[in-house]
Amino acid sequence: MTTTEGVTLTGGWIGLQGFNGDDLAANSATTDLISILESVDTPIVVVRRDSTIACFNKAAANLLGLSPSDIGRAPHDIPVIAGLPRMEERCAEVIATGLDARVDFREADRWFVVRISPYARGDRVIGTVLTFTNVTAFRASIDQAIYERECTKAIINTVADPLVVLSGDQRIQSGNRAFHAMFGVSRDETQGMPFYELANGAFELAPLRTHLTELLAGAQAFQPVEVDHVVTGKGQRTLLLDARPLSFPGHSERRVLLTFQDITARKEAEAAKDLRSKEELRRSEAFLAEGQRLSLTGSFSWRVATDEITWSEQLYRIYELEVGVPVTLDLIRTRVHPEDVTLLEKMVDQARDGSNDFEWQYRLMMPDHSIKYLHAVAHATRDRDGQPEYIAAVQDVTARRLSDEALAKARSELAHVSRITSLGAMTASIAHEVNQPLSGIMTNANTCLRMLGSEPPNVEGARETARRTIRDANRASEVITRLRALFTKKESTIEPLDLNEATREVIALSSNDLQRGRVILRQELDDDLPFVDGDRVQLQQVILNLLLNGSDAMNDIDDRPRQLVVTTARDGEDRVRVAVRDVGVGFDPRSVDTLFDAFYTTKSGGMGIGLSVSRSIVENHHGRLRAELNDGPGATFSFSLPCLQRTNTKV
Amino acid sequence: MENRLARMRSLVSVVDDDESVRESLPDLLREFGFAVRAFASAAEFLASDCVGDTRCLILDIAMPGMTGPALQRELSRRQRAIPIVFITAHRDESIRPRLLEAGAVDCLFKPFSETALLEALNVALPANGATDRIDDRGAP
Chain V
1 MTTTEGVTLT
11 GGWIGLQGFN
21 GDDLAANSAT
31 TDLISILESV
41 DTPIVVVRRD
51 STIACFNKAA
61 ANLLGLSPSD
71 IGRAPHDIPV
81 IAGLPRMEER
91 CAEVIATGLD
101 ARVDFREADR
111 WFVVRISPYA
121 RGDRVIGTVL
131 TFTNVTAFRA
141 SIDQAIYERE
151 CTKAIINTVA
161 DPLVVLSGDQ
171 RIQSGNRAFH
181 AMFGVSRDET
191 QGMPFYELAN
201 GAFELAPLRT
211 HLTELLAGAQ
221 AFQPVEVDHV
231 VTGKGQRTLL
241 LDARPLSFPG
251 HSERRVLLTF
261 QDITARKEAE
271 AAKDLRSKEE
281 LRRSEAFLAE
291 GQRLSLTGSF
301 SWRVATDEIT
311 WSEQLYRIYE
321 LEVGVPVTLD
331 LIRTRVHPED
341 VTLLEKMVDQ
351 ARDGSNDFEW
361 QYRLMMPDHS
371 IKYLHAVAHA
381 TRDRDGQPEY
391 IAAVQDVTAR
401 RLSDEALAKA
411 RSELAHVSRI
421 TSLGAMTASI
431 AHEVNQPLSG
441 IMTNANTCLR
451 MLGSEPPNVE
461 GARETARRTI
471 RDANRASEVI
481 TRLRALFTKK
491 ESTIEPLDLN
501 EATREVIALS
511 SNDLQRGRVI
521 LRQELDDDLP
531 FVDGDRVQLQ
541 QVILNLLLNG
551 SDAMNDIDDR
561 PRQLVVTTAR
571 DGEDRVRVAV
581 RDVGVGFDPR
591 SVDTLFDAFY
601 TTKSGGMGIG
611 LSVSRSIVEN
621 HHGRLRAELN
631 DGPGATFSFS
641 LPCLQRTNTK
651 V
Chain S
1001 MENRLARMRS
1011 LVSVVDDDES
1021 VRESLPDLLR
1031 EFGFAVRAFA
1041 SAAEFLASDC
1051 VGDTRCLILD
1061 IAMPGMTGPA
1071 LQRELSRRQR
1081 AIPIVFITAH
1091 RDESIRPRLL
1101 EAGAVDCLFK
1111 PFSETALLEA
1121 LNVALPANGA
1131 TDRIDDRGAP
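Here the protein sequences come in this chain order: V and S.
Here the numbering used here is used: the first residue of the first sequence is 1, the next is one more, and so on.
Here the numbering used here is used: the first residue of the second sequence is 1001, the next is one more, and so on.
So here's chain V without its partners, still in its complex pose (with noise of 0.2 Å):
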């Protein structure tokens, strides 16, 4: 133990190359140290003053290499050591000083910090320690911060809209290349300059001030600002500034990255849109307006689950209401014609259950009593909130209707006019094709009785006379039966018949008619109806009889649709039907013989002529005419007549 230091140096640890197991013996502390420096797995290396190793652990022979027989060897004739630069310098440099010196080491792809610390015994120093820490992935996770970092600084760099940093006392802590750009200024310029001097404190707003101050003192939501500021180069231009807080868990300071976004081509189209989009409305409002003025026609929307009315102000010069009073259904309800509030009443109440469009007539009354007459079509949609809601167009057709009933008027003034002229004409052509013959007989007469009362009597004269008295009574009886022919034979024309065509003239005629009454037309005709042999004419006339009868046996109902559906359909192998199902009064079961006798009727005004009339017409085309009620309300008229073969259908 006499050579304490040499033994110890070069003697070497326990399982440690260069330990002295005398000495473990010796002193039980000392193996503890060795045991434990053996199980660190930091690589320690001891060398002695001289340059020459003095012992290892076995971290250290792992990771150098290192075997017993290097110990005495110098470190740069170990070849891993080797590569540590200026190793045996820095080692003088520790022993001379007794501080601790650090030096990067790599092997392979790993780092190491290698520290070299004074060995001392007592108060000298005989050698250095070695210690390598592994830094190999504190190493790499720095890499990759600053690879980041550099990536993060192209991409900010690469943004066209100015960014920069404001520390927590509001100065510019770091900008990106834009921003530089845009203020002309140089990084160096404006690393630690108060934000609000910027731009000769163009950013002096209080708003800014207030929100930035307040985002810094942990606010997270900012409200952008708007700036006017004349950029270099530029012009004019609107920047809208937006900050969102940084901050770093660990770091006490808050930040704000500022964003300035050139707004100004976007304000710029956003204001023409704006203002073509307000003189596209402003036109097609004026449009919609002048076209309602012009159609004599308004619009409303009903809201159904809130009553809310709002009425085109149109509507409200039709209702001749003051344009913008609130409209309710009690308003409007005053307006409607007294006989027409059961309608609107049945009308909202429909409306209100369904959600189907409609459409109906009605009727108001002015204070003055004048009336107007109103069309109405509503279409259900659906509002923003999903709620049921019509849409409706309203049209004054007071002119149209009263034209109308001038019309029909007139036209049915002109009717029995004609009739009854054409009644006295055919009178006073009867009149005087008999009047002629009579008159012969007359005056024969009268010379036979003076012939035989003369002296003496020429009886041969008046055997002559009377002869030709019976010569006129015959003739006299010719004209009747000529008449008789020209009344109830009149001249027809067969010809190959569309029933359908027909059908649809005659709905096209009548569809005024039908509707004044309220009639819902309904047509079921058959596309695939062969032919028939008749008269165009005649056969109309019978359609328009059973239509307008329908129509007719309907005027009293107004607790349901006035339905009539006109049908047409083969009936059975070779013939064609054509029936007219109302919904009407129907008719009495046991006068069902008599209905189509001239002069029955079940209608106040009619002759009870047309029925008698189509029957003969149906009958003298082969066909049958029939009566029958529904299951329902209402009756059927119908009538069938033999159709053509199928080669002759198609025209």
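There may be inaccurate statements among the hints.
What the hints assert, rightly or not - Which residues of chain S face chain V? A partial, calculated answer using Cβ under 8 Å:
#1 1018
#2 1021
#3 1023
#4 1024
#5 1025
#6 1027
#7 1031
#8 1089
#9 1090
#10 1110
#11 1111
#12 1119
No wet-lab data here; the hints were simulated from the structure.
Where a beta carbon is used, it is the ideal one built from N, C-alpha and C, also for glycine.
Following the hints, position chain S against chain V.
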């Protein structure tokens, strides 16, 4: 008998397109004692040699070609003042006053009675006294 003879000299012309009138009326007029000529149209009458001799014209109103009133106007134009008794099968009361105003003696609606015809003829051919009146002894 005087009257009858006198009348035999009086020519009554009948113009009517209706054949039964042309056949029956002349016989009756002859029974009354007149000389009679019958024509089927106005043109036929105007073309005949009877215009100057006719003492009374029994004229149908409605005829093809020239109508009765047109013939009336034509005669008036020619200043032939022949008394005219219109006859017509067309009973139109409104036409009568107009014809009378234009100078017609009467307007009879067919069929007319013997009495009515005689009255019209008596107005058209006034005789020399009441006794000269044609009577209706042949009538029942």
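Against the structure, the hints come out as follows:
1. 1018: holds (5 Å)
2. 1021: Holds - the Cβ of residue 1021/S comes within 8 Å of chain V, reaching about 6 Å at its closest.
3. 1023: At about 6 Å, which falls below the 8 Å cut-off, the nearest Cβ of chain V leaves the hint on residue 1023/S intact, so it holds.
4. 1024: Hint on residue 1024/S: holds, closest Cβ of chain V at ~4 Å, below 8 Å.
5. 1025: Status holds, d = 5 Å.
6. 1027: Hint holds; residue 1027/S Cβ to chain V Cβ min 5 Å, cut 8 Å.
7. 1031: Holds - the Cβ of residue 1031/S comes within 8 Å of chain V, reaching about 4 Å at its closest.
8. 1089: Holds: closest Cβ of chain V sits about 4 Å from residue 1089/S, inside 8 Å.
9. 1090: holds (5 Å)
10. 1110: With a closest approach of 3 Å, the residue 1110/S hint holds.
11. 1111: holds (4 Å)
12. 1119: Residue 1119/S check fails; min Cβ-Cβ to chain V is 14 Å, beyond 8 Å.
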